[in-house]
Amino acid sequence: MAPSIPPMQLLVSIVERGKGRDLREHYRRFGLIHHNQAAGHGTAASHLLDALGFGTSERDVLLTLGPRDTMAQLIYYLKDEDRAKLDTPGIAFTLNLSGMSAILAVALSRLEEMKPERGELFMEQGNHHSLILATVNPGYTDEVMETAREAGARGGTVIRARWTDADEVGKFVGISLQAEKEVLAIVATNRERNAILEAINDRHGLRTPAQAMVISLPIDHTARLD
Numbered sequence: 137m138a139p140s141i142p143p144m145q146l147l148v149s150i151v152e153r154g155k156g157r158d159l160r161e162h163y164r165r166f167g168l169i170h171h172n173q174a175a176g177h178g179t180a181a182s183h184l185l186d187a188l189g190f191g192t193s194e195r196d197v198l199l200t201l202g203p204r205d206t207m208a209q210l211i212y213y214l215k216d217e218d219r220a221k222l223d224t225p226g227i228a229f230t231l232n233l234s235g236m237s238a239i240l241a242v243a244l245s246r247l248e249e250m251k252p253e254r255g256e257l258f259m260e261q262g263n264h265h266s267l268i269l270a271t272v273n274p275g276y277t278d279e280v281m282e283t284a285r286e287a288g289a290r291g292g293t294v295i296r297a298r299w300t301d302a303d304e305v306g307k308f309v310g311i312s313l314q315a316e317k318e319v320l321a322i323v324a325t326n327r328e329r330n331a332i333l334e335a336i337n338d339r340h341g342l343r344t345p346a347q348a349m350v351i352s353l354p355i356d357h358t359a360r361l362d
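Per this note's numbering, residue 137 is the first one in the sequence shown, and the count goes up by one each step.
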């Protein structure tokens with residue numbers, strides 16, 4: 137009989153540069169060992185960095201896979217007793233997954249069985265935030281972020297990327313698309329989400345120099361780190 141595999145989630149952690157290692161070690165205590173890490177850049181002005189507790193605009197972006205129940209427990213403690221002792225300014229949030237490699241899912245579910253228990257917990261149902269991802273041409277991130285701020289966004293993180301098969305997509309829409317990209321990640325309330333999406337698309341869409349493409353994903357739970 138095939139093994140029972142629990143629902144899986146992706147945990148996204150955006151923290152000050154150099155703090156990603158501390159988070160990885162902390163997450164191991166919950167049986168979470170599958171991580172991918174990338175370098176990012178915050179968009180907040182210097183006075184906002186001070187207010188938010190960031191010493192630098194450089195970011196570590198940590199992507200962690202694991203069972204949903206484990207993620208719920210981790211976020212619960214990040215919001216409470218683990219928050220202060222980590223001394224890691226940033227944010228962590230979970231996203232539901234609709235598919236995963238079977239072998240990886242089985243391995244992660246086995247790790248779930250071996251993680252230490254930390255007692256019962258209560259998690260509120262649902263969340264009121266979304267992850268907005270705007271892919272733009274290099275050099276236009278500040279303009280797009282300013283538009284997002286005017287629509288209600290507080291800040292974002294930029295990750296450099298490259299778009300594969302840009303020529304094929306460009307032929308389909310009838311325009312030339314640039315392969316080098318910057319991905320602007322913004323966590324916003326659901327109340328602000330539509331206004332931000334519409335503002336970015338109207339001012340910086342595919343037929344503008346920024347060539348922005350924007351999507352949003354529902355966030356399951358969030359934890360503000362400090």
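In case anyone wonders, no lab produced these hints; they're calculated from the structure.
Be careful, since some hints might not be right.
[Said to hold, decoys possible] Restraint ranges, calculated between C-beta atoms of paired labels, are given here: (1) Ala243 to Gln173: 28 to 34 angstroms; (2) Gln173 to Leu233: 14 to 20 angstroms; (3) Ile239 to Lys215: 19 to 25 angstroms; (4) Ala297 to Ala208: 28 to 34 angstroms; (5) Ala331 to Gln173: 17 to 23 angstroms.
Note that the coordinates shown come from a computational prediction; the quantities given were computed from them, not determined experimentally.
Ideal placement from N, C-alpha and C gives every residue a C-beta, glycine not left out.
Notebook entry, point to check: Any of the earlier hints contradicted here, and which numbers?
Noted result: Of the numbered hints, 1, 3, 5 do not hold.
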